[in-house]
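Engineer: One-letter residues, chain by chain:
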Amino acid sequence: MGKDTAFKEREFSAVGTRPLRPDGIDKVTGRARYGADFNMPGQLHGCILRSPHAHASIKNIDTSKAEKLKGVKAVVTRKDFKAKDVDPSLLTVLDNCMAGKTAFYDGHAVAAVAAIDARTAKKALQLIKVEYKVLKHVTDVDEAVKPKAPLINKKCFTKGVDPVPAKASNIAAVSEFGHGDVEQGFSEADIIIERNYKTGQAHQGYIEPHACVASYSPDGSADMWVCTQGHFDFRAQCAGILGMDASKLRVTSSEIGGGFGGKTHLWIEPVTLALSRKANRPVKLVMTRDEVFRASGPASATSIDIKMGVTKDGTITAAHAELRYASGAYEGGWAKLGAMTAFACYDLKNVKTIGYEVLVNRPKTAAYRAPSAPMAAFAVESMMDELAEQVGIKPIDFRLKHVAKEGTRSSYGPVYGPIGIGPTLEAAKNHPHMKAKLKANQSRGMACGFWFNFGGQSCSDLNIEPDGSATITVGTIDVGGARASLALVVAEELGIPYQQVKAVIADTGSLGHNDMTHGSRGTFASSLSAIDSCRQAIQELCKRAAILWDIDPEDIAWEKGEAHAIGKSKGNLPPLSLVNLAQSAEKTGGPISGHSQIVADGAGVSFATHICDVEVDQETGQTKIARYTVIQDAGKAVHPTYVEGQFQGGAAQGIGWALNEEYIYGEDGRLQNPGFLDYRIPVCSDLPMIDTQILEIPNPNHPYGVRGVGETSIVPPLAAVGNAVSAAIGVRMTQVPMSPPRILAALDAAESQ
Amino acid sequence: MSVMVRSKINGDDIEFVCQPDETLLDALRDRAGLTGVKEGCGTGDCGACSIMLDGALVCSCLVLGAEAEGRSIETVEGMANGDQLHPLQQQFLQHAALQCGICTPGFLIAAKALLDKNPDPSEEQVRYALAGNLCRCTGYDKIVRAVLAAAKQMRKA
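So the protein sequences, as listed, match chains A and B. Just so you know, numbering that gives the first Met the number 0 puts 107 at position 108 of the first sequence, and the rest follows in order with no gaps. Just so you know, numbering that gives the first Met the number 0 puts 15 at position 16 of the second sequence, and the rest follows in order with no gaps.
Keep in mind that the hints were calculated from the coordinates and are not lab data. Glycine is no exception: its CB is placed at the ideal position from the N, C-alpha and C atoms. There's no promise every hint is true.
Straight-line C-alpha distance at most 16 Å; calculated EDC-like pairs for lysine to aspartate or glutamate [stated by the list, open to error]:
hint : chain 1 : residue 1 : chain 2 : residue 2
1    : A       : K158      : A       : E330
2    : B       : K7        : B       : E73
3    : A       : K121      : B       : D20
4    : A       : K122      : B       : E123
5    : A       : K428      : A       : D690
6    : A       : K623      : B       : E123
7    : A       : K153      : A       : E330
8    : A       : K501      : A       : D22
9    : A       : K306      : A       : D161
Residues of chain A clear of chain B, computed beta-carbon distances all greater than 10 Å [said to hold, decoys possible]:
hint : residue
10   : A82
11   : K404
12   : K501
13   : Q647
Which residues of chain B face chain A? A partial, calculated answer using Cβ under 7 Å [claimed, not checked]:
hint : residue
14   : C40
15   : Y127
16   : G138
17   : D140
18   : L147
Just need the whole structure built from these sequences, with the hints factored in.
Structural biologist: Dropping the structure here:
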């Protein structure tokens, strides 16, 4: 970015404290406006008709009766998205939001209605007649790769293999990573273990369903109010799908009721906009929970084959993984991320991973917190425990023996800078939890996890207000406390109290493009931009002080929120505060501000180690989490309370994935559990307190040392719980979720052997 | 045929008109303008729409708007006393017991229902009393701590 972003040791005054969040009062009093809380005058109610079939050709859609129903103002199908309007790179995004000739999964949108009220809209949906020809379907990832599996996309010729196959298959892409010679490595091994691991399909489970209000004006411009993790990306994609200039679509993000990656993709938004365009009225569309499960995007279901070799003295000689990730009916790059992250915690001489992106008749896979990493970690970290046991080394020492460190070439390519995996393992080894004696019926497990962290495009405005307070305006969504963190960073940089800073999320008309909140980039990238904006503003403030004092700006230093004359003038002039300078701004050149636009490079990678104690009821197969500890490198923790919150929340999601959460499909290819009753996420009585330990290993590429913190905490729990459960029942669990029936089945199988 | 409903909401006499098949959740949000009551599932599984109906904790998505006739309703909008936040609201802020905040109104109402009955609950009692409310962000740790702290604050008052 051409700016000095290098980490410098410093004493912090604001960063690292724990003030109340600025948006807190609105959120505890019910005033905060989320996606479904926004309304427009004259707004219509939107509803979507969805395929009941897992795989079907759409022969005909007759909307005539629905259109004639009193109160119906618009009906749209794929025909309303003109092919000539659609940016070709967004065709599959559109195809998922509104099916073309084929419905690819139970829940795939086929038509939509806007009517004067919900009742009329629902009635209209029943009047739409869709003629389907049901096709053979496949929902299981291992079934889908078999040669005789029903073909989902006739044009799917596997990418990433040379030569490109002549025959279409359900394998959309293959990606390979690694170094060394694994065959040689296996030949040096004394013990080789091969195993298949499976993970169920988990949903992000945000409590707020997708919601959107779109208002398309006859002049070709439009407004959208939506719950999203990235309103600039939503603008670009919606405009690209509807054939609009992006500048004519203004998107305002609402408060967001959880996303975890699921709100980085379009689902209902282009449909809502098309309904508004056709009806010439504002349209509001809110998904039901059933629709969220069936038709938004969960994480991949996976099947992973791991083979690892080790010498008798406990040295890993080779590690190999083949990872099959189900991606729904569209390619998404998910297997690649699994293949990259699988062995990232370790320093391995010979390592190879191959990711297979597999098409299935399930909803399109979406990002879910450290996407694709938890499944790969489940396989690798389970295997690490097994190997440790084989060579008679404690699991934590076995990991420490192979831990990646500064200078290690990672399994996915780059050479690491200063990283925290070793320190998290050391901290785990010394943690009271690790040393605590287990009760009679308890077992302990541990596991490590890695996530890259992203940077990307950010811009921000820092405005000094007439009263001497400051407003920081960013365009990266606040999903869970970022405004507090950014206000702390601005307070730190300007040297003013936190209470005098207001952090605002701009709409797409008020600031340049900002990437979405994903990849743990929010606080890292926005704070980098905010610091830069502050430094621009400080330069300007010093110039203004120079005008007032009639001295050289070089003779002015900014300290603790005040301009100080230094050099020759030192001592004679009392400092000028931000308030002084703001109030005299009209005389010195007008409003004072700073602006920054950057591509934030150098997001520091992130590692964690988790420790988990469980009690397994061998009669019922029920697992209780007795104690849980998260140890993670956060870089500098800007607001430690919210860093802890990220650690705890990710762990809880991972525990749910490990023990209960899973999409269950029937023989008919329909989702059997599209509701919170049957897709059971952890409730309050399922969990203990979740202890946290924040390590602060500075990211060398951020002035304060900030890394991303949001995602890594979901990576270790599947294996940490799995290792604890396996120890408890004396059987290696190779499939999550480890629901009671699976645990009982594993016990029965072990007994009958 | 619409139904006219007269009820007491957060101490005020409120009249609204709704459809006979309309849920109380929709009526509160769309007719009475109380959008602090949230819909997470519409099937009584998530607790985001929790309200007090004649002193009983209910999911407003499982009650019809017409059933509110002549009854008393409390929502999150009625918890604070003017600019004085309820101790639960204060402690939720203090403990960072919310991240996205969509489940917070339901948790506050459910926690208040607990503390009205049991001013000194154990951690386990808090966990079971709140088991009908889903939070996906926090892992519940800070929520439980906030409720225990609010209980303590209220006992001292």
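Engineer: Decide, hint by hint, whether the structure agrees.
Structural biologist: Consistency of the hints with the structure:
1. A:K158 / A:E330: Satisfied, since the Cα-Cα distance of roughly 10 Å is no more than 16 Å.
2. B:K7 / B:E73: holds, 8 Å
3. A:K121 / B:D20: Given pair K121 (chain A), D20 (chain B) holds - Cα atoms ~13 Å apart, limit 16 Å.
4. A:K122 / B:E123: violated, 46 Å
5. A:K428 / A:D690: holds, 15 Å
6. A:K623 / B:E123: Status holds; Cα separation ~14 Å.
7. A:K153 / A:E330: holds, 13 Å
8. A:K501 / A:D22: Distance of about 10 Å is within 16 Å: holds.
9. A:K306 / A:D161: violated, 25 Å
10. A82: holds, 36 Å
11. K404: With a cut-off of 10 Å, K404 (chain A) remains clear of chain B, as the shortest Cβ separation is near 30 Å.
12. K501: Check passes; 17 Å lies beyond 10 Å.
13. Q647: About 4 Å separates Q647 (chain A) from the closest Cβ of chain B, which leaves it inside 10 Å; violated.
14. C40: Nearest chain A Cβ about 4 Å off; hint holds.
15. Y127: Hint on Y127 (chain B): holds, closest Cβ of chain A at ~5 Å, below 7 Å.
16. G138: holds, 3 Å
17. D140: Nearest chain A Cβ about 5 Å off; hint holds.
18. L147: violated, 11 Å
Violation of the numbered hints given earlier is confined to hints 4, 9, 13, 18; the remaining hints are satisfied by the structure.
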